[in-house]
Each structure stands twice: as structure tokens, then as C-alpha cells.
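In terms of the numbering used here, the numbers along the sequence shown are unbroken and rise by one, the last being 531.
You may find that some hints are simply not true.
Using C-beta positions, here's what the derived DEER-type ranges look like [said to hold, decoys possible]:
id: 1; residue 1: ARG423; residue 2: ARG498; range: 43 to 53 Å
id: 2; residue 1: PRO355; residue 2: ARG527; range: 47 to 57 Å
id: 3; residue 1: ASP408; residue 2: ARG498; range: 26 to 36 Å
id: 4; residue 1: ASP341; residue 2: SER387; range: 42 to 52 Å
id: 5; residue 1: THR311; residue 2: THR422; range: 24 to 34 Å
Hints were generated in silico from the structure; no laboratory data involved. Because the structure is a prediction, the values reported are computed rather than measured. Note that the Cβ used here is the ideal one computed from N, Cα and C, for glycine as well.
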Amino acid sequence: MGTVLAAALGAPALSRADAVPADVDVLLLAVPDGAIASVAATMPAGPLLGHVSGATGLDVFGAREGFSLHPMMSTPPGSEPGILRGAGGAVDGTSERALDTAYALADRLGLLVTRVPAEDRVAYHAAGAIAANFLVALEACAERLAATAGISRQQLAPLVLATARQWAEIGPEAALTGPIARGDEGTVERHRAVIAERTPELLPVWTELAEVTRAVAGRKGWA
Numbered sequence: 309m310g311t312v313l314a315a316a317l318g319a320p321a322l323s324r325a326d327a328v329p330a331d332v333d334v335l336l337l338a339v340p341d342g343a344i345a346s347v348a349a350t351m352p353a354g355p356l357l358g359h360v361s362g363a364t365g366l367d368v369f370g371a372r373e374g375f376s377l378h379p380m381m382s383t384p385p386g387s388e389p390g391i392l393r394g395a396g397g398a399v400d401g402t403s404e405r406a407l408d409t410a411y412a413l414a415d416r417l418g419l420l421v422t423r424v425p426a427e428d429r430v431a432y433h434a435a436g437a438i439a440a441n442f443l444v445a446l447e448a449c450a451e452r453l454a455a456t457a458g459i460s461r462q463q464l465a466p467l468v469l470a471t472a473r474q475w476a477e478i479g480p481e482a483a484l485t486g487p488i489a490r491g492d493e494g495t496v497e498r499h500r501a502v503i504a505e506r507t508p509e510l511l512p513v514w515t516e517l518a519e520v521t522r523a524v525a526g527r528k529g530w531a
């Protein structure tokens, strides 16, 4: 995330406190959550400090003025700076100046941000982890089962991308399709059986997600 942010903002990426130029007004810390407080303590007193953690509040800065700016976007190695434009995100600040700085940086990055206070940060970040990290893990499960039938990731990808787009545009209830949504219990049971046979390690995941899917379908009265 740090290198992407630096490139997008046209700012230098620094790796040591003693490398901070004397005329710097703002320092944005892109370090692991557990290191923010200790790294912040080594920073020079002048610049306004910010961090890019989604799950961390501003108490890590102690009594020092500061802000947070978290882009809700996955940035794997090699990501282009433009990947952040149009992404959601969260900001917060200990003062009006700090919050204004967070909003100004978000605007430069093209982020669509909301102020998320300390008490809501973990829930905000957990939601993002479900949306991104769990999605990747879920598709890894689908890929594993598909491989037993000679189907590749590339063949699954259009379905995944179209489904995500439909969820974003019309919401989960309207976007949900498939045998559970249709009430086709015979097919659902055949799914369970083949997973138990070919990839039994995935059966607990399938069972839990089938119940979640029933709940989504039930909200629209389909099941």
C-alpha cells in the first residue's frame, strides 16, 4: 500500500525516520498495525502524522495530533497508482486540521471516503476483509472443486466478475441466483454429495455458506 500511495500522491517513499526532510508538513505511515505507535514515536515533532490502517484508531499517536486515511482497496505487488481512484475508504482525525488533511489527501487520490470513528474501525475493516479476503478464499475453494471436473480458474472468472458486478449494482437479494434461490433442493443435495466425495475438506464451508445463502434468499421470499 505504501508504494502505491507514494506514487499516486507524487511523494517520496521513506524507510527511516532520519531520512525525513526538515521541510515536510505531513507524514503518512504505511507500516503494520502493531508498529504504528512505535514508528510514530520516532518521527520528528513537526509534521502532522497519519496512518493508513483500517482497523486502528488514533490513540496510537498518543497526545500528538494525527489522522487516518485507509483506502478500501487491495493492492497486491505491482499495483498501479490508479488502482485507488474511485475506491471507497475511511478517514478520521484528532482535530479539524488533521481531518481536513485526510479529506484533502483522499480527494487527491480519488477516494470516496467516509469518516469512521475509532469505535467503528474494527467493524469497518472486518467488513472489508469479508468482501475481499474471504472472496479470494471462497474462489480458491470453487477452483479446487472445479479442477476435479477439468474446469479452470479462467473459465470460472467471468461468472465471478459478473456476479460481483450484479451485487454492486442491484444488491444481494436481487443478484442471488442458483438452486437455493430457486428452491431446487434436489440439486442442492447433489452438490452436497459431490463435495463430500471429491473435496470433503470443503464440506463444512459449503454447509455454512448454504445456510447463509438460504437466509439471503429468504429475505426476498424465495426460500
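Hint check results:
Under the hint 43 to 53 Å, the C-beta atoms of ARG423 and ARG498, about 48 Å apart, fit the expected range. Between PRO355 and ARG527 the CB atoms are about 49 Å apart, so this pair conforms to the stated range of 47 to 57 Å. Distance hint for ASP408 and ARG498: a CB-CB separation of about 58 Å, inconsistent with the stated range 26 to 36 Å. Distance hint check for ASP341 and SER387: the Cβ-Cβ separation is about 20 Å, which falls outside the suggested range of 42 to 52 Å.
A C-beta distance of roughly 25 Å is found between THR311 and THR422, which places it inside the suggested range of 24 to 34 Å.
The structure does not agree with the numbered hints 3 and 4 stated previously, though it agrees with the rest.
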